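There are 2 protein chains.
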Amino acid sequence: MKVGIVGCGQLSRMLALAGWPMGFRFSFLADPDEPVRCIEGLGSVVRLDTTMTARDVYGGLGNPDVITVERESVNVPLLRQLKVFCPVYPDPDIVWAIQNRHREKTLVAGLGIPLSPWEVFREREPVQEAITRIGGLPVVIKSTEEGYDGHNQWIIDSRETLEAFEKEREKLLQGPAAKDPHEWIVEQKIAFDREISVIGARSPDGNILIYTPGENSHNQGILVHSVIPAPDLSGPLHNKARDYIYRLLQETGYVGVLAVECFVAGNELLVNELAPRVHNSGHWTIDGAATSQFENHLRAITSLPLGNTAHQGGVIGMVNLLGQKHSDDSQAPDQLITQGTYLHWYNKTSRPGRKLGHLNILAENEEELSGSFKYLQEAQATIP
Amino acid sequence: MKVGIVGCGQLSRMLALAGWPMGFRFSFLADPDEPVRCIEGLGSVVRLDTTMTARDVYGGLGNPDVITVERESVNVPLLRQLKVFCPVYPDPDIVWAIQNRHREKTLVAGLGIPLSPWEVFREREPVQEAITRIGGLPVVIKSTEEGYDGHNQWIIDSRETLEAFEKEREKLLQGPAAKDPHEWIVEQKIAFDREISVIGARSPDGNILIYTPGENSHNQGILVHSVIPAPDLSGPLHNKARDYIYRLLQETGYVGVLAVECFVAGNELLVNELAPRVHNSGHWTIDGAATSQFENHLRAITSLPLGNTAHQGGVIGMVNLLGQKHSDDSQAPDQLITQGTYLHWYNKTSRPGRKLGHLNILAENEEELSGSFKYLQEAQATIP
Numbered sequence: 082m083k084v085g086i087v088g089c090g091q092l093s094r095m096l097a098l099a100g101w102p103m104g105f106r107f108s109f110l111a112d113p114d115e116p117v118r119c120i121e122g123l124g125s126v127v128r129l130d131t132t133m134t135a136r137d138v139y140g141g142l143g144n145p146d147v148i149t150v151e152r153e154s155v156n157v158p159l160l161r162q163l164k165v166f167c168p169v170y171p172d173p174d175i176v177w178a179i180q181n182r183h184r185e186k187t188l189v190a191g192l193g194i195p196l197s198p199w200e201v202f203r204e205r206e207p208v209q210e211a212i213t214r215i216g217g218l219p220v221v222i223k224s225t226e227e228g229y230d231g232h233n234q235w236i237i238d239s240r241e242t243l244e245a246f247e248k249e250r251e252k253l254l255q256g257p258a259a260k261d262p263h264e265w266i267v268e269q270k271i272a273f274d275r276e277i278s279v280i281g282a283r284s285p286d287g288n289i290l291i292y293t294p295g296e297n298s299h300n301q302g303i304l305v306h307s308v309i310p311a312p313d314l315s316g317p318l319h320n321k322a323r324d325y326i327y328r329l330l331q332e333t334g335y336v337g338v339l340a341v342e343c344f345v346a347g348n349e350l351l352v353n354e355l356a357p358r359v360h361n362s363g364h365w366t367i368d369g370a371a372t373s374q375f376e377n378h379l380r381a382i383t384s385l386p387l388g389n390t391a392h393q394g395g396v397i398g399m400v401n402l403l404g405q406k407h408s409d410d411s412q413a414p415d416q417l418i419t420q421g422t423y424l425h426w427y428n429k430t431s432r433p434g435r436k437l438g439h440l441n442i443l444a445e446n447e448e449e450l451s452g453s454f455k456y457l458q459e460a461q462a463t464i465p
Numbered sequence: 082m083k084v085g086i087v088g089c090g091q092l093s094r095m096l097a098l099a100g101w102p103m104g105f106r107f108s109f110l111a112d113p114d115e116p117v118r119c120i121e122g123l124g125s126v127v128r129l130d131t132t133m134t135a136r137d138v139y140g141g142l143g144n145p146d147v148i149t150v151e152r153e154s155v156n157v158p159l160l161r162q163l164k165v166f167c168p169v170y171p172d173p174d175i176v177w178a179i180q181n182r183h184r185e186k187t188l189v190a191g192l193g194i195p196l197s198p199w200e201v202f203r204e205r206e207p208v209q210e211a212i213t214r215i216g217g218l219p220v221v222i223k224s225t226e227e228g229y230d231g232h233n234q235w236i237i238d239s240r241e242t243l244e245a246f247e248k249e250r251e252k253l254l255q256g257p258a259a260k261d262p263h264e265w266i267v268e269q270k271i272a273f274d275r276e277i278s279v280i281g282a283r284s285p286d287g288n289i290l291i292y293t294p295g296e297n298s299h300n301q302g303i304l305v306h307s308v309i310p311a312p313d314l315s316g317p318l319h320n321k322a323r324d325y326i327y328r329l330l331q332e333t334g335y336v337g338v339l340a341v342e343c344f345v346a347g348n349e350l351l352v353n354e355l356a357p358r359v360h361n362s363g364h365w366t367i368d369g370a371a372t373s374q375f376e377n378h379l380r381a382i383t384s385l386p387l388g389n390t391a392h393q394g395g396v397i398g399m400v401n402l403l404g405q406k407h408s409d410d411s412q413a414p415d416q417l418i419t420q421g422t423y424l425h426w427y428n429k430t431s432r433p434g435r436k437l438g439h440l441n442i443l444a445e446n447e448e449e450l451s452g453s454f455k456y457l458q459e460a461q462a463t464i465p
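Quick note, the sequences are listed as chains W and E, same order.
Going by the numbering used here, 417 is the number at position 336 of the first sequence; the sequence numbering is gapless.
Going by the numbering used here, 375 is the number at position 294 of the second sequence; the sequence numbering is gapless.
FYI, nobody ran anything at the bench for these hints, they're computed from the structure.
It should be emphasised that the depicted structure is a prediction, and the values quoted were computed from it without experimental measurement.
Just so you know, not all the hints are guaranteed correct.
Chain W stretches covered by chain E per the calculated footprint, using a threshold of three residues with CB under 8 Å from any CB of chain E [stated by the list, open to error]:
| id | region |
| --- | --- |
| 1 | 388-397 |
| 2 | 414-423 |
Partial chain E-side listing against chain W, Cβ under 7 Å, derived [as the list claims (entries may be wrong)]:
| id | residue |
| --- | --- |
| 3 | Ala245 |
| 4 | Phe246 |
| 5 | Tyr327 |
| 6 | Asn389 |
| 7 | Gln405 |
| 8 | Asp409 |
| 9 | Ala413 |
| 10 | Ile418 |
| 11 | Thr419 |
In the DMTMM-like style, the derived pairs of lysine to aspartate or glutamate whose C-alpha atoms are separated by at most 25 Å in a straight line are [claimed, not checked]:
| id | chain 1 | residue 1 | chain 2 | residue 2 |
| --- | --- | --- | --- | --- |
| 12 | W | Lys164 | E | Asp415 |
| 13 | E | Lys252 | E | Asp274 |
| 14 | E | Lys83 | W | Glu226 |
| 15 | E | Lys83 | E | Asp410 |
| 16 | W | Lys83 | E | Glu121 |
| 17 | W | Lys83 | E | Asp410 |
| 18 | E | Lys252 | E | Asp286 |
Where a beta carbon is used, it is the ideal one built from N, C-alpha and C, also for glycine.
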């Protein structure tokens, strides 16, 4: 089975490492400036340039049996053209919907799945009216595209923060990177108790399997760690999480792995965002589930039966290993490995805050896990 | 961490695939004619030739941090010379002991661990006396070296089979491949109930972790499938298995993964043979244990803490996928994948009886597992 992947980051790396044992072959499509260290050695790389036709890309990738993506920020028209040559999963239409927050929220709301109250505004449209309509401050403003890990987001909780956003908007609209149209959504800033995420896979024949929801902790928009199962998640909330992802997978005819991030607010579960791909909050599945999200994504897109998604006993933790400083040296922090921890290292160059790897922790209980988290927090300072 | 592996077969492949996620780098030492398809793409390959010094080999392997082996049939003098440059685990001395059945049995017996009664004979020494000393027919004669998967073994249960062996011995001693000295061991053919194996790992600091013993079924000397845990293994037998491997690891100062195959005969547990490496009967650990034998071998030889060896709940099966005919086409039999099965494919050319891959099966109970075995037995005929 030959799989072409759009993107050359750690998600592509882990997809390839999940497929190699099964005898799968991989090729990767890189943007003009994209670093490829993560996937070096795992398959051939085609570097996209503006002169390439879809046929060139398909041939360059070695005529794969199927093409998939490791990110939502991709060239959707190209993906659509590639469908002439082989299946592209998830379908470019669903990637197109999710890569824009306006379309994404419209999709979720259209299925009757709850979201924080939101409004959209464009260009120089007044934002104050939209804020009033969703119930006043505090709110979060997000650009509809190109937002990830907290980028292009503004928390507005005062006249001052609103004015600061307005100034930045004006600069953006006049700046050299201005494109038409500029669009933002404004969301009620939910006083949520916590964030959970749920990951599921659907195969072309309609089979759906869902992983145990986990709880995520962020710092400045970047995932720090996840705990699986999400501690003390009530039965009704658990069922809601499963119901949301089931409907999203089923109603959109989705193929592959989908991730859904949700806010828990009392007895309410509100969708925050979707990712049409394997997801950071599912990295625990490599060591903590019968079948990893990466293997299940590959099984789904190649029409193989999905693998069991049951999580192992005990409590599972996932900790992102973030770069501390600039360094081209990418030595794996082997010293973090213990009897119950599993290191996954991406071979990247280090930059402050960059995700360089992660550790999965298989613990007996939550107490043992939080001990590991504490130890790791201190140990992280040793990462280059 | 850079690891050099002597050998380019499926065990090297699975070692590399276990190390890549941790950021390990690999290089492989191939015999002059050794096929390398299993490890293609997973690291650089050095092909041994008679002009090479140990320094040449070490440099060719890219100055690894540690060197290990995927088979016991290796050039031990070369391994000893490589110790000048980096650690070689397991130690060449223990590989040397185990690569010869006479030395192997002497080692096991020396630790007071039970074996089938055995005798050794060389060249044209009379075999009848040895047979009488160990209690008469039936016996098994095995050459002391170069025996694996049933090769170079003779079951002697009658005057006719003994005469046939004598003829073959005479031919061997006169043949072009004759080397000095020829040596065989003759073993009482135990009317054993079944064969189990136990796998353990020891790190340089003396930490030892042991996997759950499994039961193995062979056909003409080749492992067909394993079931883990070994069904209905009594407490005392279970403890004996753990005790044997613990003593072997501890008393020899072993570093890495060791496999011990044993015969169960009533309440007795007799060692059949050792393997100073990851072992076919441990392939289930990739999907069925918290840490695979491959990752634990790498952890051990790089002085990292061993990973938890607990097996997952339920019953785990491992089925070898054997080639049916000659074919250079090595298409993975994806059709064998189900929700509870995991395919591991080695990318080899197919030959009748050759191990081309294996399937791990995670089942609820033994009944479900034997259903899978039956299905797979039929499905195997479809493998190239």
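Quiz prompt | Broken hints, by number | solution = Violated: hints 3, 4, 5, 7, 8, 13, 14, 15, 18.
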